[in-house]
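Visitor: Heads up: the protein sequence lines correspond to chains A, B and C, in order.
The first sequence: position 19 = 19 (my numbering), numbered continuously.
The second sequence: position 19 = 19 (my numbering), numbered continuously.
The third sequence: position 83 = 83 (my numbering), numbered continuously.
If you're looking for bench data, these hints aren't it; they were derived computationally from the structure.
A couple of the hints might just be wrong.
It does not matter which identical chain is meant; a pair holds if it fits inside one copy or across any two.
[What the hints assert, rightly or not] No farther apart than 25 Å at their CA atoms in a straight line, the calculated lysine to any residue pairs in the SDA-like style are these:
1) K175 to E156
2) K254 to A239
3) K254 to R199
4) K254 to Q206
5) K254 to E198
6) K254 to E68
7) K254 to A22
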Amino acid sequence: MAAPVRLALQGPIARVTLSHPAGIDAISRAMWRELREIFVQIQGAPDLRCVIVGGENGGFCAGGDIAEYPQFRFHPETLRRFHEEEVWGGLAAMLACEVPMVAELAGACMGAGLEIACCCDLRIAGVSTRFGAPIGRLGFPLAPREAQLLAAVAGEATLRELLLEGGQLDAREMKARGFVQRVVPNEDLLGEVRATAERVAQLAPQAARMNKRTLRRMAGRAAQAPLPEDFMARAYDYATSAEHREGISAFLEKRSPRF
Amino acid sequence: MAAPVRLALQGPIARVTLSHPAGIDAISRAMWRELREIFVQIQGAPDLRCVIVGGENGGFCAGGDIAEYPQFRFHPETLRRFHEEEVWGGLAAMLACEVPMVAELAGACMGAGLEIACCCDLRIAGVSTRFGAPIGRLGFPLAPREAQLLAAVAGEATLRELLLEGGQLDAREMKARGFVQRVVPNEDLLGEVRATAERVAQLAPQAARMNKRTLRRMAGRAAQAPLPEDFMARAYDYATSAEHREGISAFLEKRSPRF
Amino acid sequence: MAAPVRLALQGPIARVTLSHPAGIDAISRAMWRELREIFVQIQGAPDLRCVIVGGENGGFCAGGDIAEYPQFRFHPETLRRFHEEEVWGGLAAMLACEVPMVAELAGACMGAGLEIACCCDLRIAGVSTRFGAPIGRLGFPLAPREAQLLAAVAGEATLRELLLEGGQLDAREMKARGFVQRVVPNEDLLGEVRATAERVAQLAPQAARMNKRTLRRMAGRAAQAPLPEDFMARAYDYATSAEHREGISAFLEKRSPRF
Chain A
1 MAAPVRLALQ
11 GPIARVTLSH
21 PAGIDAISRA
31 MWRELREIFV
41 QIQGAPDLRC
51 VIVGGENGGF
61 CAGGDIAEYP
71 QFRFHPETLR
81 RFHEEEVWGG
91 LAAMLACEVP
101 MVAELAGACM
111 GAGLEIACCC
121 DLRIAGVSTR
131 FGAPIGRLGF
141 PLAPREAQLL
151 AAVAGEATLR
161 ELLLEGGQLD
171 AREMKARGFV
181 QRVVPNEDLL
191 GEVRATAERV
201 AQLAPQAARM
211 NKRTLRRMAG
221 RAAQAPLPED
231 FMARAYDYAT
241 SAEHREGISA
251 FLEKRSPRF
Chain B
1 MAAPVRLALQ
11 GPIARVTLSH
21 PAGIDAISRA
31 MWRELREIFV
41 QIQGAPDLRC
51 VIVGGENGGF
61 CAGGDIAEYP
71 QFRFHPETLR
81 RFHEEEVWGG
91 LAAMLACEVP
101 MVAELAGACM
111 GAGLEIACCC
121 DLRIAGVSTR
131 FGAPIGRLGF
141 PLAPREAQLL
151 AAVAGEATLR
161 ELLLEGGQLD
171 AREMKARGFV
181 QRVVPNEDLL
191 GEVRATAERV
201 AQLAPQAARM
211 NKRTLRRMAG
221 RAAQAPLPED
231 FMARAYDYAT
241 SAEHREGISA
251 FLEKRSPRF
Chain C
1 MAAPVRLALQ
11 GPIARVTLSH
21 PAGIDAISRA
31 MWRELREIFV
41 QIQGAPDLRC
51 VIVGGENGGF
61 CAGGDIAEYP
71 QFRFHPETLR
81 RFHEEEVWGG
91 LAAMLACEVP
101 MVAELAGACM
111 GAGLEIACCC
121 DLRIAGVSTR
131 FGAPIGRLGF
141 PLAPREAQLL
151 AAVAGEATLR
161 ELLLEGGQLD
171 AREMKARGFV
181 QRVVPNEDLL
191 GEVRATAERV
201 AQLAPQAARM
211 NKRTLRRMAG
221 RAAQAPLPED
231 FMARAYDYAT
241 SAEHREGISA
251 FLEKRSPRF
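Construct the complete structure from the given sequences, taking the supplied hints into account.
Guide: Right, here's the structure in full:
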């Protein structure tokens, strides 16, 4: 079986491919843990100059693997471990990695996919890529650190719209909102991302890492600022709520939720 | 006489209508106080899922009620009470309210109207709506908390332009700048806002409130961060200045100010 | 010989012209020092109401004067003094100046030019003006305070793209990203900037200064927030690196760098 997150090297350019074993473009708990290990490894590789982060089968990442949710979402402690250790472990390793990263955004970039894209330095999308965070339909809110990351990178107005209305925005709209830096025809996406990575790899590599370190020391205040402890202590109390159970049950039973 | 701010309920959706008794689209001191009470009431209503905030007679809110200004603006203490208690009382109640809010932006959205729109989660505008903050013509600066809110939501560059040049921007431009999320033909505005509120009301209501709470705990650092005390202590010293008096006198006398 | 930075007054409007003695549109160390003095002088002039900041010969500022770099860049202490005293001295004087400023962006607005534009309140560009920060080709990173200023004003996503990919963006793109407020045909640039300055100069001058003071007390947290001391202590250690020397040598020898 292929690894769910694959690291491939081609000279100074690496490609990290999100590849769910079931062939869907979701991210599982095992994939979050592998994402963390791979980015720790990338950060420790002195000759790497650029990382492309992409999906497979025409999609980037459409969100969490909902089939796994009943295992852990309905207990505050297992829910906390999922968000604070597995998800944030992966995202924090990406944010700590000083090698420049280019997100190759095809198909769907939703929920967890949006969060992974936020950790990249450049975001390039195919014209028909769709963006969203429709967890209001699944009956649960964003985890605080993830909300803070999304607000800092995607902008608070866009985040409020996506979360509270539950809709999708297309690539041109996400370009207009400053989240995506470039939109290209779908068939040009891989070529444009590769050409961008090559331009990045030609510039001074230590200067690039220093720039990312500087931006992290500052960005820390917005994207990774500490959240109030009293607030964090209660952030996962909703695990046992009827609304949460109904949202996920409805999805798995392929019916509309009744909130 | 109709109440100057009206709350109407239709199932899980409320509408707050700004309605100046004189039929103008300005906001009076009494309206700020009512705005506060209504949003405290909304926050305490467990079954509400979405609030539409709009004006009447085709306008949202063109700013403060300048006819009232000579009563209180020329003394530092009454001016402070106006900004810190009446205006900020209303805005703070909106910011503390966890029910999702959609601003229905028609006609003019200027000064105080811009501030009220900043407290909403989604901003939808008719194509001919105009935006501005032309108080430089009235001879006074933004109150610090209001400036901070506007800078956080409308963006510092847009705020500097509107304040320092005194011009207006149209709905498409405010969309391009990320303040407005959607622009529709004027005749479609009410329908689009209502449809948006219905989409919001279909999603998990507790998750929506938790998302707003999370964003407030973070946004607090930008939109509601504490300002330096020494600075706040002197923020209304300008009340007695000749420039301030000239700006307001000229407006009320329908002549150009001489600064 | 003409002064490298000239201050010209025309009633309440001043023009600061960046004018490199060699007729190139770069900024030298002497010019940074003069920029500081001129903005201290402007801040102390009670009758000034607006400052236009522009270049000469059709360009705004294409960056630092690279011919000077071998004199001071390869020793941590002289490099620190350059960035922390000369460059930041000029930028800090601009940021501390409460007179409204309009940037007249023609030709190239790169590196140091981008930083100077960030200190202005309004940015108006000719349609063919180009923007960038291609120092990755010169083998060095942004100085921390300058990175923080650029991230706050130009946006972190745009800064990452310009720094890490080394490309250029045109005026319309920088308008779409919210950095430039207005783009006009090249031949209309001077007229539009002058008309804007006249609009600014007609509004209440003390209110404008108070607005800028308020925004600075807040913006301080983002654009001028203190950086961690341990980080600043090591920020210029790269001065002696082979990569740094190679980037600058290659430029001066008119060859491609080998990183």
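Visitor: Next, verify each hint and record whether it holds.
Guide: Right, here's what the structure says about each hint:
1. K175 to E156: both (15 Å within a copy, 14 Å between copies)
2. K254 to A239: Intra 21 Å, inter 61 Å, cutoff 25 Å: intra-copy only.
3. K254 to R199: between (45 Å within a copy, 19 Å between copies)
4. K254 to Q206: between (50 Å within a copy, 22 Å between copies)
5. K254 to E198: Classified as between: cross-chain Cα gap 22 Å, same-chain 44 Å, threshold 25 Å.
6. K254 to E68: within (15 Å within a copy, 58 Å between copies)
7. K254 to A22: Within. Shortest intra-copy distance 19 Å satisfies the 25 Å Cα cut-off; inter-copy 53 Å does not.
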